[in-house]
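K.L.:
So the chains spell out like this:
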Amino acid sequence: MNGKNLEREKTGPMAPTDNELMEQVRDGKVEKLAILFERHQTMLFNFFLRLTGNRAASEDLVQEVFIRILKYRAGYQGDSRFVVWMFQIARNAHVDFLRKRKGELALDDQFVEAPSREPRPEERLEVDQEAALVRRALDRLPDKKKEILLLSRFQDLKLREIAELFDCQVGTVKVQVHRALKDLSRIYLELQEGKIP
Amino acid sequence: MNCEKTQERFADYLTGDLEDEARREVQDHIAACAACRAEIEDLTAMWARLGVLPAEQPSGALRHRFYAMLEDHKNEARGARKASRRSRVFSGWREWFSFRRPAFAASFSIFLLLLGTGAGWLVNGGSGRSARLSSLQQEVQDMRQTMAISLLGQPSASERLQGVSYGASVKSPSAKTLTALVNTLNSDPNPNVRLAAVEALYLFRNQPGVRESLLGSLAAQDSPLVQVALIDLLVEIREQRAAEALKALIKNEKLNPDVKKLAEQGIKQLI
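As you go down the protein sequences, you meet chains A and B in turn.
Per our numbering, residue 1 is the first one in the first sequence, and the count goes up by one each step.
Per our numbering, residue 1 is the first one in the second sequence, and the count goes up by one each step.
Just so you know, the hints here were simulated from the structure itself, not pulled from any lab data.
Incorrect hints may appear among the rest.
[Said to hold, decoys possible] With a Cα cut of at most 27 Å, we get these calculated DSS-like pairs of lysine-lysine:
id, chain 1, residue 1, chain 2, residue 2
1, A, Lys144, A, Lys102
2, A, Lys100, A, Lys145
3, B, Lys5, A, Lys182
4, A, Lys158, B, Lys5
5, B, Lys251, A, Lys145
6, B, Lys82, A, Lys29
7, B, Lys82, A, Lys71
8, B, Lys82, A, Lys146
9, B, Lys261, B, Lys251
10, A, Lys182, A, Lys195
11, A, Lys29, B, Lys74
12, A, Lys195, A, Lys145
13, A, Lys144, B, Lys5
14, A, Lys71, B, Lys74
15, A, Lys32, B, Lys261
16, B, Lys251, A, Lys32
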């Protein structure tokens, strides 16, 4: 099944698919980007939030992704599903974010301290101890493993699409998902038993 | 099927991507092999445990920033189109002057003649032309305001946001447009739309009645985000009467502590 049909299944027969909307954005109807934003902002925000653990940074990253979509719209081919292309951009934005943050270690503390003026939902989250433990375990996974695991678990992407995203064989992705989950499970148990701080 | 082949399929097994037959093969193997069974049980438990991470909502500021970015982009694109038209026209003229000199010299007298006629026309009819231009501009302004008012009444928040941005793009808004923006600020169900209305009204802070409406709205807001934006605005425009309104606001026990802190700072800055 190609990207378009798969998308049609999800959005219903009447609504334009993501791919159709992005083609319109590419061809000059940039206002259609608003529909894509409304469809994907929450999902993308949660992807970054699970990856970085920082709300403010995650919102910045979502905004950055849509700025880049607009900037690189002429290069959109529509060969695969729009979300695969979007996650390619999201991964690059995240890499740049990490690189920039490395250079600004001194500023980093400020950044984490003042994410927003609203009560921070991660505080509510921390009340849920299991979620906190899962998050701590995830933080100990290497970035690439964490990304692959999150993409396969939460983002509704096929393993084949993740392989496309990482430019590797689908077999490699399967091995990575398996290993990441195994490592995560081990780290989780060690944290739970207090073997590691 | 051996252990290695079974384990290769674990990722597909977890994501639900296995065909019925392959799934049965995996299940048959793990029923017979204790090691693989322990492994898949472990993986399945962790896979399920990841589900405790809640899906969170981004703040309204994200949506607001996105629409502002989109609007900027559209404005820039319009500006770039105009500039490129101008530069095409300009380069055409330069070519005319520098490379086709004989033709240029020959037509110089015609140019002078036209200049004279043009001057006469300007004296007589020029004012008419500029009047036409300004009436056209007025028409565009009126159209934007009509669009703004109509969009502000729409059920979709993104359309209302667009309505606010149309309203904000007007040079001197009519009382009707201002009322629509104030109503949006006070009673729109979506805090992002209200937030956008705060910014639009900031642009019109010198129009009659706007400051009073902003002051009055402070008590009506329940979203901390909008309260913060309003307080920032009132302090920035140095609205003296805001000190009283802020004092009344901090008496509210349900007020968000961050907003309270900001309001207290605001009072100090205003007094």
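K.L.:
If a hint holds in the structure, say so; if it does not, say that too.
P.N.:
Results for each hint:
no., hint, in the structure
1, A:Lys144 x A:Lys102, "holds, 17 Å"
2, A:Lys100 x A:Lys145, "holds, 21 Å"
3, B:Lys5 x A:Lys182, "holds, 17 Å"
4, A:Lys158 x B:Lys5, "holds, 20 Å"
5, B:Lys251 x A:Lys145, "violated, 51 Å"
6, B:Lys82 x A:Lys29, "holds, 18 Å"
7, B:Lys82 x A:Lys71, "holds, 20 Å"
8, B:Lys82 x A:Lys146, "violated, 47 Å"
9, B:Lys261 x B:Lys251, "holds, 12 Å"
10, A:Lys182 x A:Lys195, "holds, 17 Å"
11, A:Lys29 x B:Lys74, "holds, 10 Å"
12, A:Lys195 x A:Lys145, "holds, 22 Å"
13, A:Lys144 x B:Lys5, "holds, 24 Å"
14, A:Lys71 x B:Lys74, "holds, 12 Å"
15, A:Lys32 x B:Lys261, "violated, 40 Å"
16, B:Lys251 x A:Lys32, "violated, 45 Å"
The structure shown violates the earlier hints numbered 5, 8, 15 and 16.
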